[in-house]
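Participant: Sequence:
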Amino acid sequence: MNQYPLWRYVFIILLIALGAIYAAPNLYGTDPAIQIQPKSGQAVSATALSQIKNTLSQQTITPTAMTQQSTGLLIRFRDTEDQLKAQGYIQALVGDQDTVALNLAPRTPHWLRLLGAEPMKLGLDLRGGIHFLYRVDTSAMLKERLSSDIHTMGDALRTANIRYAHIAQVAPDEKNAQGGVVIAFRSSEDRDQGLALLQKQNLYADYQFSSSQKNDRYFVNANFMQAAAIALEEQAVTQNLTTLRNRVNELGVSEPVIQQQGKDQISVDLPGVQDTARAKEIIGKVAISRFQLVDTQNDAITAAGTGVIPFGDTLYQFEGHPVLLKNEVVLHGTSILNAATISGEDGRPAVSVRAGGSEVSSFNTVTGENIGKPMATVYIETKAVQQIVNGKVVTSERQFPKIISVATINNALGNSFQIMGLESNYAAKNLALLLRSGAYTAPIVAISENTVGPSLGKENIRAGTLA
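To convert, note that position 425 of the sequence shown is 593 in this note's numbering; the numbers rise steadily by one, no gaps.
Incorrect hints may have been included.
Mimicking DSS-like on lysine-lysine, the simulated pairs with C-alpha atoms at most 25 Å apart in a straight line are [unchecked claim]: (1) K597 to K541; (2) K494 to K541; (3) K221 to K541; (4) K597 to K570; (5) K221 to K253; (6) K311 to K431; (7) K311 to K221; (8) K570 to K494; (9) K253 to K343; (10) K343 to K311; (11) K541 to K570; (12) K253 to K560; (13) K494 to K431.
Worth flagging that the hints you see were computed from the coordinates, not collected in a lab.
Given the sequences, and given the hints that come with them, work out the whole structure.
Facilitator: Here you go:
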């Protein structure tokens, strides 16, 4: 008869016991819950807690528990009907100051949580929800980049008094899969001067330049390099991932799964969500940014105190102080092609902005006329706002403009400029992110959307148990 040492039996028993302990949380189930997280990072105040209790009581919604957490407040409910009803009233009460998210709170006992035991996270197959698959249209973004560069190349040649006959975008072909720009000149001297001018500008470092001649026309060929196109595509997908995550957070979905699939596709799983229309509305919405001049001729503090706003101005708050901005927009966010953090000329964090399009010329003129004056970057986001009207939750859309940066204009700005004077690397990264994520870097196209029920996963579990 085979006998094993005692320590092996003890080890097996301990292994089974540990497995049973860490599997036990799955037996307790979960409660429908709402998680409230103040954007300030502080705990929910006693006043806010009292208001939430009174509001729920007035609507005859009885939560099973309210738990203060280090990051906010967790409210448990008996069923999803109470949870969904309470969400609207709580969101209307706290407004834009706090994040209100639907969640499933595990009923795991305290002693198990102390051991780090948590229930398994359930995906779409067990909880149900919505699955989206998007494709990032990187080719459209590349066309926009080439179109923008055509304008800036033409402006650069005209500024240098180099005459050209024609400038056009070149479609991708077998020789150059990315496409490019071709510029025609009437003389070899103009062509050579134009080639030298464009080659020495860092703005066109992504192009490979060459010259050619056909009959009495002289050409500069600017082919967009493959490595630059790949980097541009990767940046577009990465930035769209960030934008999607920011927008999905507004849906208040617990444990969303947003990930890249393949070269240019993004998969979005929203467990527990059944309202496809609402999800599509949030994912497809557009936030915008714009640049406006600060009104230095009128006093913002006086305007804030008296409530009398000078004609043609709007009063904002920035870092706790009132700021008057002129209503004229000198550059819209749609003209911003890219924004990245850099180290400025003074060694402090800065943001390098690349702009393109028809607005750049007027932007150059306006900033040239206002050197030494401050200019603000304004970020405007459209959000669904819930309010309690006659005892019912009414949802409407509102725009929330805010100043995200104020900087002094040091020279006339064109298609490439820097925003300096930022306090920290964090401020620079945040500003660059907001400038880039106002809209999708490249268009996204819905390939598929499916509402998934939890029956499939339950059937698989039943079949596995029987097996």
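Participant: Hint check: K597 vs K541, CA-CA at most 25 Å. Holds or violated?
Facilitator: holds (24 Å)
Participant: Check whether the Cα positions of K221 and K253 lie no farther apart than 25 Å.
Facilitator: holds (14 Å)
Participant: Hinted pair, alpha-carbon criterion (25 Å max): K343, K311. Please report holds or violated.
Facilitator: Satisfied, since the Cα-Cα distance of roughly 17 Å is no more than 25 Å.
Participant: Would the pair K253 and K343 pass a check requiring their Cα atoms to be no farther apart than 25 Å?
Facilitator: violated (60 Å)
Participant: Keeping to a limit of 25 Å between CA atoms, is the pair of K311 and K221 held or broken?
Facilitator: violated (54 Å)
Participant: Straight-line Cα separation of K494 and K431 no greater than 25 Å?
Facilitator: Outside the cut-off at roughly 43 Å; violated.
Participant: Does the alpha-carbon distance linking K541 and K570 stay inside the 25 Å limit?
Facilitator: Distance ~20 Å between K541 and K570 Cα, so the pair holds.
Participant: Check the hint pairing K494 with K541 against an upper bound of 25 Å on the C-alpha distance.
Facilitator: holds (12 Å)
Participant: Against the 25 Å threshold, does the CA-CA distance of K570 and K494 hold or violate the hint?
Facilitator: holds (14 Å)
Participant: Between K597 and K570, does the CA-CA distance stay at or below 25 Å?
Facilitator: At roughly 17 Å apart (the allowed maximum being 25 Å), K570 and K597 satisfy the hint.
Participant: When you check the alpha-carbon spacing of K221 and K541, does it fall within 25 Å?
Facilitator: Roughly 50 Å separates the two Cα atoms, so the pair is violated.
Participant: Regarding the pair K311 and K431, is the alpha-carbon distance no greater than 25 Å?
Facilitator: holds (18 Å)
Taken one by one, the earlier hints fail for this structure at numbers 3, 7, 9, 13, listed in ascending order.
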